[in-house]
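2 protein chains.
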Amino acid sequence: MSQLTAEKLRQARELLQHADFDVWLTFVRETDTAGDPALPLILDGGLVWHSALMVHKSGETVAVVGNYDADPIQHSGDWDKVVPYVQGISDPLLRELERLSPKKIGLNFSLDNSMADGLSHGMFLTLQNILGDRYELVSASKFVSALRSKKTAEEVGRIKHAIAETDTIFAMAPGWAKPGVSEREVYEHIQRYIDGKGYGYGWSREGNPIVNSGPDSMIGHGVPSPNITITPGHIFHIDLGIIVKEYSSDIQRCWYVADEGEKIPEDVQHAFNAVLGAIRAGFQALKPGVEGWTVDAAARSYLVSQGYEEYLHALGHQVGRKAHDGGALLGPKWERYGESPMMKIEVDHVYTIELGVILPGRGYLGLEEIAVVKESGAEWLSNPQESMPFL
Amino acid sequence: MSQLTAEKLRQARELLQHADFDVWLTFVRETDTAGDPALPLILDGGLVWHSALMVHKSGETVAVVGNYDADPIQHSGDWDKVVPYVQGISDPLLRELERLSPKKIGLNFSLDNSMADGLSHGMFLTLQNILGDRYELVSASKFVSALRSKKTAEEVGRIKHAIAETDTIFAMAPGWAKPGVSEREVYEHIQRYIDGKGYGYGWSREGNPIVNSGPDSMIGHGVPSPNITITPGHIFHIDLGIIVKEYSSDIQRCWYVADEGEKIPEDVQHAFNAVLGAIRAGFQALKPGVEGWTVDAAARSYLVSQGYEEYLHALGHQVGRKAHDGGALLGPKWERYGESPMMKIEVDHVYTIELGVILPGRGYLGLEEIAVVKESGAEWLSNPQESMPFL
Chain W
1 MSQLTAEKLR
11 QARELLQHAD
21 FDVWLTFVRE
31 TDTAGDPALP
41 LILDGGLVWH
51 SALMVHKSGE
61 TVAVVGNYDA
71 DPIQHSGDWD
81 KVVPYVQGIS
91 DPLLRELERL
101 SPKKIGLNFS
111 LDNSMADGLS
121 HGMFLTLQNI
131 LGDRYELVSA
141 SKFVSALRSK
151 KTAEEVGRIK
161 HAIAETDTIF
171 AMAPGWAKPG
181 VSEREVYEHI
191 QRYIDGKGYG
201 YGWSREGNPI
211 VNSGPDSMIG
221 HGVPSPNITI
231 TPGHIFHIDL
241 GIIVKEYSSD
251 IQRCWYVADE
261 GEKIPEDVQH
271 AFNAVLGAIR
281 AGFQALKPGV
291 EGWTVDAAAR
301 SYLVSQGYEE
311 YLHALGHQVG
321 RKAHDGGALL
331 GPKWERYGES
341 PMMKIEVDHV
351 YTIELGVILP
361 GRGYLGLEEI
371 AVVKESGAEW
381 LSNPQESMPF
391 L
Chain E
1 MSQLTAEKLR
11 QARELLQHAD
21 FDVWLTFVRE
31 TDTAGDPALP
41 LILDGGLVWH
51 SALMVHKSGE
61 TVAVVGNYDA
71 DPIQHSGDWD
81 KVVPYVQGIS
91 DPLLRELERL
101 SPKKIGLNFS
111 LDNSMADGLS
121 HGMFLTLQNI
131 LGDRYELVSA
141 SKFVSALRSK
151 KTAEEVGRIK
161 HAIAETDTIF
171 AMAPGWAKPG
181 VSEREVYEHI
191 QRYIDGKGYG
201 YGWSREGNPI
211 VNSGPDSMIG
221 HGVPSPNITI
231 TPGHIFHIDL
241 GIIVKEYSSD
251 IQRCWYVADE
261 GEKIPEDVQH
271 AFNAVLGAIR
281 AGFQALKPGV
291 EGWTVDAAAR
301 SYLVSQGYEE
311 YLHALGHQVG
321 RKAHDGGALL
331 GPKWERYGES
341 PMMKIEVDHV
351 YTIELGVILP
361 GRGYLGLEEI
371 AVVKESGAEW
381 LSNPQESMPF
391 L
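Going line by line, the protein sequences match chains W and E. Reminder that position 132 of the first sequence reads as 132 in this note's numbering, one-by-one numbering, no gaps. Reminder that position 367 of the second sequence reads as 367 in this note's numbering, one-by-one numbering, no gaps.
Just so you know, the hints here were simulated from the structure itself, not pulled from any lab data. By construction, the Cβ of each residue, glycine as well, lies at the ideal position given by its N, Cα and C atoms. A portion of the hints provided could be inaccurate.
What the hints assert, rightly or not - Here are the simulated distance ranges between beta carbons:
(1) 180/W <-> 188/E: 40 to 46 Å
(2) 153/W <-> 305/E: 58 to 64 Å
(3) 81/W <-> 305/E: 46 to 52 Å
(4) 161/E <-> 335/W: 40 to 46 Å
As the list claims (entries may be wrong) - So, partial list: chain E residues that the calculated Cβ filter (under 8 Å) puts toward chain W:
(5) 37
(6) 44
(7) 67
(8) 88
(9) 195
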């Protein structure tokens, strides 16, 4: 794991050269319950007492932590100076900051990116109490978003590995998903496999995988039903994100439940083509320098041009340690997405491209793929679904 | 699970009668990564978009959530009114608050209790942007701490269950922990058992269990060493917290590694008696109405009276969904503990009582028990270790 934290701290030092603050300060306590999503990027394991992890523009890294937390940090080798304390963090923190003498300190709070918003309001107030008006406290949102979003080679490799394991599960799904079997049973089969392998869940286990069978299924983040069974003439759909070695996948696949000898109905084929075409339109539009909403618009307008309703979500989000990894979003300019659709796509960002249509009498037909952004444009990390298999 | 959320929401309505605000508002987004520790008390599962969960003094419960998150909340039956939105939370949230017309709104931020500090600073700023100066925003820290700390019968039952499973692991430990075996090997045996059972970890898996063998071991929150092996004449010590059905244990046990035919050395027995006596002194002092630091002082002064150095941590913390469950603390008045040692012990609080001594040439001798507070005083939930077994 320490290869990763070393890689990310190196990246942090580089990104800090372009930041409008002099020290990046991650201020946390009891991180097992009140975790800052930025912390695992730069530190393995948890911290119990008030802890200040600082990276200075000069490249120096300093950790001020409780005495029981100091040993693992010292052993990691990632931190130039580890300052343990027993009774309180105020004095050692003030001393270290005086030495580093920053003008502005960047903190992990953000209106638009939950993954750059790990500082709690109570901890912000605590910091204000300790520091008084000695330093200017500013948002490190852009910096943290960039640090998280720009995936290193190791990170991309891990995401690919999680996708490969997800493909394995999708390849087994037809063995579990037979006509007459309930959504819930398929969900349980998949979870047993995931748990048996010791993998994690890209979003909460309760609603992962999402399994939708036919038109009566609950679309969205609900729990698969024990009362809805797989039925010929319907569409069967799974949305699954697993975490393998700390990195997540997030993939949707769908199948047509055919009667014996039945061919794929025209309305299903037409909808599949529209969804696939929209995914491809989004993929074509995904390149460095453009704003996320333009990528969403490309897919959205294609889908509408094919006679289907707009999807009620963003075309894509970043993927990393979680399925929803924050930062720039391939989404429409809706209030709930804040500034994230206006953020620029950059090289080494990893995005989902996902959308679907509700087909009357058939169910939800949705696809989700994953791509990495390179200089020359997007490259698939997943193996895109290009036809509608039978179940 | 919904029995628990219904129980806790009932308790929230009662506690709200004594609060100095009219609406308790839990304001969250992307809760799988940016979770508010108060959320699982009142809701099963996660929320993706900006979500406002409100309990009004009248008893009414209102959830304003993104459209894809609405179904499971409606199905839970816990919420009187569920308001789904598509584009943004501002309008529906303002509408619902106008209807409820609170003067003060209690929010989840806290200087002293990380478990009552789930509101991020970015989300606080977002709320300020939406609400302007229409309402007074105050800390709900005392309320959330009380809601979390006062365990319902179901919650106490679950903690007892987690303790029983922990006892099972401790009973198996001597089968793994033989002279010549490393700390790390014992740790791996225990983790394999926990993972096989599908249990969770009361604190981060990386440092759980803590395993200490002899005087060279790293005391604190570090990772057990592959290079330190169990050796006669040393003390062997484990600190373990597991989560079973969402509730945690947190127990320490220790053993003396005896040579064949050896009796327990006098210095070890003396230290064990001192630690046990201090645990008992704390237990005696633990009753409703007293402040936490007095309980710590009873144990601390007893230990010192027996000729040992003070332990460098608090005597005890609350246990619940996590091993460190926040709120009032049985701790000394040190800066790093903030106001928590001055908070009053109340009926239905559940605490650890834990301490140890470093015995020169022997290692770390520590015990940790769990007790619930009742009208008449403390009652053990764990089965206290009262002698020093041989390994």
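Going down the list of hints, with the structure as the test:
{"no.": "1", "hint": "180/W <-> 188/E: 40 to 46 Å", "result": "43 Å, holds"}
{"no.": "2", "hint": "153/W <-> 305/E: 58 to 64 Å", "result": "59 Å, holds"}
{"no.": "3", "hint": "81/W <-> 305/E: 46 to 52 Å", "result": "39 Å, violated"}
{"no.": "4", "hint": "161/E <-> 335/W: 40 to 46 Å", "result": "44 Å, holds"}
{"no.": "5", "hint": "37", "result": "5 Å, holds"}
{"no.": "6", "hint": "44", "result": "7 Å, holds"}
{"no.": "7", "hint": "67", "result": "6 Å, holds"}
{"no.": "8", "hint": "88", "result": "3 Å, holds"}
{"no.": "9", "hint": "195", "result": "6 Å, holds"}
In summary, the one numbered hint that this structure violates is 3.
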